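**Student:** Residue numbers (the UniProt record's numbering), protein chains in the order written: chain A, 1 to 395; chain B, 1 to 440.
Derived by calculation from the structure, the hints in this document are not laboratory data. Some clues are possibly wrong.
[Claimed, not checked] Simulated crosslink set (DSSO-like; lysine-lysine; CA at most 27 Å straight-line): (1) 194/B to 266/A; (2) 342/B to 266/A; (3) 232/B to 319/B; (4) 23/A to 395/B; (5) 266/A to 244/A; (6) 125/A to 58/A; (7) 266/A to 363/B; (8) 96/A to 194/B; (9) 96/A to 363/B; (10) 318/B to 125/A; (11) 219/B to 232/B; (12) 23/A to 109/B; (13) 125/A to 182/A; (14) 125/A to 395/B; (15) 334/A to 266/A; (16) 342/B to 334/A; (17) 266/A to 232/B; (18) 232/B to 363/B; (19) 212/A to 274/A; (20) 125/A to 174/B; (21) 219/B to 174/B; (22) 194/B to 23/A; (23) 334/A to 290/A; (24) 156/A to 334/A; (25) 92/A to 363/B; (26) 93/B to 334/A; (27) 255/B to 303/B; (28) 194/B to 219/B; (29) 182/A to 92/A.
[Said to hold, decoys possible] Sample of chain A residues facing chain B (criterion: CB under 8 Å; computed from the structure): (30) 135; (31) 215; (32) 217.
A quick note: this is a predicted structure, and the numbers were derived from the prediction, not measured. Backbone N, C-alpha and C fix where the C-beta goes; we use that ideal spot for every residue, glycine too.
The residues making up each chain are set out below.
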Amino acid sequence: MLPIEVKKMIVSVVGHENFDDSKAGCLVYSYDATPQFQAMPHAVVSPRDTAEIASIVKICSKYKIPLVPRGSGTNLCAGTCPTHGGIVMLFKHMNKILEIDEENLTVTVQPGVITQDLILAVEEKNLFYPPDPSSMKISTIGGNINENSGGLRGLKYGVTRDYVMALEIILPNGDIIRTGGKLAKDVAGYDLTRLFVGSEGTLGIISEATLKLIPMPETKQTMLALYQDLEAAAKSVSKIIAHKIIPATLEFLDQPTLEAVEDFAKVGLPTNVKAVLLIEQDGPPDLVEKHISLIAEICRQNEAVSVQIAQNEVEANALMTARRSALSALARLKPTTILEDATVPRSEIANMVRAINEIAEKYNVNICTFGHAGDGNLHPTCPTDSRNQEEIERV
Amino acid sequence: MTALEEKYAIQTGFRERMDEDELLNCMRCGFCLPACPTYITSGYDEAQSPRGRIALMKAVRDGMIEWDDDVDRSLGLCLGCRACEPVCPAGVKYGHLLEEARDIIQDYKNLSLPVNTIRKAIFQGLFPHQDRMQTVTGLLGFYQKSGLQTIVRKIGFMKLFPVHLASMEQILPKVPSKKDMMNRPRYLEPAGEKCARVGFFSGCLMETMFMDTNNSTLKLLQLAGCEIIIPKDQSCCGALHGHSGEKQGSIELAKKNIQAFEELNVDYIITNAGGCGAFLIDYHHLLSGDPEWAERARQFTEKIKDFTEILVDLDFHKKAELKLDHQIVTYQDSCHLRNVMKTFSAPRLLLSRINGITFKEMKDAGSCCGSAGIYNIVEPEMSMRILDTKMGHTKASCADTVVTANPGCLLQMKLGIVREGMSDQMEAVHIADLLLEAVQ
Ligand SMILES: Cc1cc2nc3c(=O)[nH]c(=O)nc-3n(C[C@H](O)[C@H](O)[C@H](O)COP(=O)(O)OP(=O)(O)OC[C@H]3O[C@@H](n4cnc5c(N)ncnc54)[C@H](O)[C@@H]3O)c2cc1C
Ligand code: SF4
Ligand code: SF4
Chain A
1 MLPIEVKKMI VSVVGHENFD DSKAGCLVYS YDATPQFQAM PHAVVSPRDT
51 AEIASIVKIC SKYKIPLVPR GSGTNLCAGT CPTHGGIVML FKHMNKILEI
101 DEENLTVTVQ PGVITQDLIL AVEEKNLFYP PDPSSMKIST IGGNINENSG
151 GLRGLKYGVT RDYVMALEII LPNGDIIRTG GKLAKDVAGY DLTRLFVGSE
201 GTLGIISEAT LKLIPMPETK QTMLALYQDL EAAAKSVSKI IAHKIIPATL
251 EFLDQPTLEA VEDFAKVGLP TNVKAVLLIE QDGPPDLVEK HISLIAEICR
301 QNEAVSVQIA QNEVEANALM TARRSALSAL ARLKPTTILE DATVPRSEIA
351 NMVRAINEIA EKYNVNICTF GHAGDGNLHP TCPTDSRNQE EIERV
Chain B
1 MTALEEKYAI QTGFRERMDE DELLNCMRCG FCLPACPTYI TSGYDEAQSP
51 RGRIALMKAV RDGMIEWDDD VDRSLGLCLG CRACEPVCPA GVKYGHLLEE
101 ARDIIQDYKN LSLPVNTIRK AIFQGLFPHQ DRMQTVTGLL GFYQKSGLQT
151 IVRKIGFMKL FPVHLASMEQ ILPKVPSKKD MMNRPRYLEP AGEKCARVGF
201 FSGCLMETMF MDTNNSTLKL LQLAGCEIII PKDQSCCGAL HGHSGEKQGS
251 IELAKKNIQA FEELNVDYII TNAGGCGAFL IDYHHLLSGD PEWAERARQF
301 TEKIKDFTEI LVDLDFHKKA ELKLDHQIVT YQDSCHLRNV MKTFSAPRLL
351 LSRINGITFK EMKDAGSCCG SAGIYNIVEP EMSMRILDTK MGHTKASCAD
401 TVVTANPGCL LQMKLGIVRE GMSDQMEAVH IADLLLEAVQ
């Protein structure tokens, strides 16, 4: 329980309706998407503006109460699990897109805006916000910034960090600062903006962000390359990059992952091959055409058994959406999914795939692998059961 | 039971009966949150989300928190629309979890005496008995025909009730006479060449209050080449029971229906109400623990199909000449038809084949209208908020006609039209009635 005077003070800031210390109210904010973590907060608070955040931060700081900012709780590092109790802070009232600036190509948002809502809103104006974590239909910009999230388009377009231009932050002592600005060239002084990106809510609370937009690419094409040999797929990845082509997306999925995803999404993914590469290129039509046929050729030269090009945008989007469900879909196999996030220089991706298989064999665990092959970043994932202590040890 | 004993009994019930594996299948990714109408309408309250509800069920089961009114509230406000299921990559069967939880709560909860009496009257006394349904519907008919309805409306008697119930009274369909209800055919010939032999599940509400719609459905099936058997001993599907924690009652009804259909040697069992169909198609789960019935239930559920699927399978939309006066038509999915029976393209395909109309998809057509069985009566506030959002999308589609595929949705959409004061511009109809009108 919070000290009664603290509760009174917080309620006087946000009102009764935005303070909840009921058991059920706390329980539903005791977890995020991280397996094997759960802890009860003492209260849940939903401020309505920056000033209210600052007041709460001051109270928490004075009484030494842990404060855990929380977007949609989809992170995989227990970042919003209140392991020391305290207060969980929500941004459900602070979820507005404040401005889309078509002259400076920026968008200014509150932290609670859902990533996909932002992407769709700017696309209506023919602008493009590339960072697309697989959780984007529910993740918030506040969460994306604090996890420095990346997604399927990261290979060509980078991660959230590359799009954050300015932040409004409430520091632990309650001071409100602004970093950065709408300037395309902003080089004077310390780069505080970057310090806060990826800080997992440990340095301050972000109450507003200005993000960079780019013009919408003219067209895109999507393809699947099918392999009966994991290492051949991995080798194709290095070869594509070595040919000085940077596709927008270059993803790897192995057979068990394909099976789980297809079981859910039913989009006609091949389940009789050992691995596929999901590749997308965007840009002017002739360039996209040229790159896609070149990539197809490289894949074939590297033992792809078949190369399939999506016939239209609906088909292409279905493939990308299916890929985004991979991690959750693997939960079909076993109740606990332990995901790793390992990155190597992209020339080493074939070695990494081999090493993963050796590890699976050595420890007698099932590992399903998928991920951003083009970045050298794979997610070897163990479907397991947290109730099976012996297996968890091996995992 | 004292309140404390009640709490303890529910907790024990959760520990013993909730399926731990299914609860653990939720990996808490949150992918279901944007699809949940109560999460969105409550302003993003995790306690009103599928992930939150599963976490609460699990916490009560594991003894991490006690059962209390707030947990009760969270589960009570769930629409049971199951929009969270098709979007869940992990394949969590939320509907089954909710049903079991509600059954446990119902078993041990001290309901106030009047509530208990009403529940008993409805669940044991009324719905399982087609003859009594006919009588009640008959009374409603008398009320409408005798002029009493006009008088009651004039003196504003209904104004004494909560606003939505008062408007509800205005939108009830003109009901058939008891005599019509008694003289139902049991067998119908196909109109032309026979393409399939089907059993027709009449449904209790559909066979009484919405008898005209059943007639339209039967005619369409005949035109499509179906030989139709309508077994007399069929019963209410049990959905209202199942969704309200009266599992035993629904099991009895399931057995009765399986018996009524299993000897008929039909290719399909046809429904025209998404709410019933989705419950029928779940009988194998309901009876999975009963060795005598499990296999029989499986055979039954394999045959369940919505009539729109059959019409499409039999190429009705290609053979029949469908035409109506010009109007903009939009389609509101029945949650259970879409999320459980996975029927969403067949109705749209049929509508798009009607000459003369313009079919316009509304935003979020797949999202619940807030009707949800008896939800709009027991949770009027949330229900009306959800309906208001739905009406916003409906109006934006500029539709003259809103088509639905389930009696509850139909009434709710009619209610929405009345509430918006748009009765002279917009109409809600069941898809079977519109299709038949297009044939003639
Ligand atoms: C199925 C699945 C797929 C995923 N795919 C990807 C992927 O492709 N790429 C990727 O990068 N991640 C991925 N993730 C992880 C996660 O979704 C992202 O990290 C996402 O950015 C988190 O957003 P959120 O709104 O849920 O944040 P939360 O989980 O709520 O919070 C994340 C962190 O940010 C902090 N925080 C949140 N808001 C604020 C604020 N306003 N001020 C200060 N700190 C704040 C929290 O304290 C926490 O430390 C995935 C997760 C799942 C479950
Ligand atoms: S989508 Fe499925 S696994 Fe993910 S939180 Fe919802 S119910 Fe759980
Ligand atoms: S059944 Fe409907 S209301 Fe209930 S949790 Fe699922 S989506 Fe939400």
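**Student:** Okay, which hints does this one fail, numbers in order?
**Tutor:** 1, 3, 4, 5, 6, 8, 10, 17, 18, 19, 20, 22, 23, 24, 31 and 32
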